[in-house]
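J.: Below, each chain spelled out in residue letters.
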Amino acid sequence: MSTLLDLIPLPGTTSIVVLGALALGITAGVVGSFAVLQSRSLVGDAMAHAALPGIAVAFIISGTRDPATLTVGAAVAAAIAAILILALERTPRLRSDAAIGVVLAGAFSTGIVLLTWITGSGRGDQGGLETYLFGQAAGIVQADVITAFVLMACGILTVVILHRVLRAVIFDRSFSAGAGLPARLVDGTSVLLLVLAVVIGLRMVGAILMVVMLIAPGVTARQFVRRLAPMLVLAGALGGAIAVSGALTSAALGLPTGPVIALIGTGTAVGAVLLAPGRGVVWNARSRMAARARLRDAEILIALDRDTQAGATTAASLADDVGRTRRWVDTGLRSLRRRGLVDPQLSLTDAGRRQATSARDAVLAWTAWLEHGWRLGLPDARDANPLDVAGSLGAEMAQQLTRMAREDEARAAVR
Amino acid sequence: MPLFGDAGTIIITGGLVASACALLGVMLVLRGLSLVGDAVSHSILPGIIAVFLVAQTRAPVWVILGAAIFAVICVVGIESLSATGLVRSDAAIGLVFPALFALGVLGVHRFTADLHIDLDSTIYGEIAFIPFRVLEIAGVEVARGLVVAAAIALIDLAFVVLFWKELKITSFDPGFSRITGFSPRWVSRILLILVSITAVTAFESVGAILVIALLIVPAAAARLLTRRLALMLAIAFGIGWMTSVAGYVSAVAIDASIAGMMGVTALIAFAVAMAVAAGRRVLTHARGAPETAPRDPAR
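Sequence lines, in order, name chains W and S. Using my numbering, you'd call the opening residue of the first sequence number 358 and step up by one each time. Using my numbering, you'd call the opening residue of the second sequence number 4 and step up by one each time.
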């Protein structure tokens, strides 16, 4: 351990904090991912509050405020809270948030009653017991770091061994029940792993800020990958990175470690939600805008094609024709000119004419699907994509649709 | 000595806070947002610090205002994050409130290390001190906390009565309410903002943990006993008032924290509700008639 510490080019106390943060971040990232996936993100919050009565009882029994004793008390209380939450979740009609909330509120109230009782019964001063909940990274020593790494190894080993079973239970509960997997045991394991992470975190970042450490890596990782195993690996790495960068930043700026780590964690997760490729808020907004622009261009092309065949066209007459504002049409025309489909005199280029034809065909295909789709007798649950009927239904079905539409037209013409 | 006497004042204030919390808590429990109260209690810290730094005051009005601003930031943040559809509401809660709390802790560390700011006495009030701060209304001395609690309870009651239909459809069938043209998002937003204001005001008079407990526990207990919204509210009211009376009496008897004992009493009420619900299930099964009503859509 000490040789490892010597390898880090930082002052001794800082490197201890950084190593502790690394172990905490990795454990919280991996273990917290399960909680995030099971809508139990706030179990950590309940455990954090449950630590208060645990600490109070540990103080009553031992009469000392030795950190190790208090940690044991907190861990036992957190485990009891976790088991109670699991039991309450099984009650019909109670969702996990209510189960977590009842345990959280009940545990904390009990803690307060115990603290006032300690004062009243003259067992000495209870003042400062609850500050234990706020964590103090500067107070950790080498032994704490070793403990953190051992606990991390236990946690990761459990996840690696159980990962298939955990996956089955998380994603398909009824299948795993049918396959005879012990769902309750798995629930218990995943929640006890959370206890592990909370106990490490309590000393480092404090109980409340620990909540972020459990959630942020999982939420961030989920924005980038879909499969469980890569998500766990990524979440572990992200958790480590968040915690270490937080520890280094706080050391450099002389700020408390926990809040800095928490802010970096939330920042990372929010950033991922905004920016993740293929899924994030920004990406979604852009692809929606692009789709809207595509539809607008197609609508104008079709109208332009029809109108130029009938005679001269201006932007104003186009706007009248499609029933849109002048600005909408102007934006569309500008984009069509940029794409080389319309020339400055508002007539279609060759490429433009081809595009107009295919756009009109697409509209016809969609109308035909709405009109005749039910007669196709599709063999499966395929649904048509309005922008690409042939692509979504298959060429054969699309041809049938066109035939039906033509027959319809012919019948209408005869009449 | 205020109107109703000391004990009466504490019990009535507790009951009024419990009523306000029951009104909103039932809606939160049905929406899976019951932990919003806890989130608000942590996220107001930076607001208190900011008021202290900017206005140099600990006057309750300003502190409540600062706290309320951050409470609203917290609930709007949670709502927008979960509205992206990329993060579930529980994870959204867990991302937003610790970040705000962290800001507050940094503020305490950076600016107030040399000032004496005792958070316990600024915002996290204590229900036992309610009778000591009195107002005079029409010549009668009434505890300020009681008046405040009555005011929030009335506002919440008005909200629930006015938006009864909307709250009902958006709680049980958000999809249907969207189709009928009533945005579930706006109802949620108004509800959450009202929760944050109620919580902040109540924190100042009775303390945070009691508010958190009263928002969740009576509503969850009522949820176990009925699936009808009106009945659920009535049961939550009943449990809330009972909690206030029994919590006060037992706290005085064993000389413990009143807010703490009220929380513990609420927990006992919840345990009783669970036992009743479990007993009823056993009876229905024994008669060979499983619950025939359609499965609860909220689950």
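FYI, nobody ran anything at the bench for these hints, they're computed from the structure. Hints are supplied without guarantee of correctness; some may be wrong.
[What the hints assert, rightly or not] One-sided excerpt, in silico: chain S residues whose CB lies under 7 Å from chain W: (1) Val79; (2) Ser83; (3) Ala86; (4) Ala94; (5) Gly97; (6) Phe104; (7) His112; (8) Thr229; (9) Met245; (10) Ala249; (11) Asp258.
[To be verified] Stretch by stretch, here's where chain S covers chain W in the computed footprint (C-beta under 8 Å, at least three residues): (12) 388–402; (13) 420–432; (14) 570–578; (15) 620–632; (16) 710–717.
[To be verified] Non-contacting residues of chain S with respect to chain W, defined by C-beta distances greater than 10 Å in every case (computed): (17) Val64; (18) Val75; (19) Val90; (20) Phe100; (21) Leu106; (22) Arg113; (23) Gly178; (24) Phe273; (25) Ala280.
Using N, Cα and C, we set each Cβ at its ideal position, and we do this for glycine too.
J.: Looking at the structure, which of the earlier hints fail to hold?
T.: Of the numbered hints, 1, 2, 3, 8, 9, 10, 13, 16, 19, 20, 21, 22, 24 and 25 do not hold.
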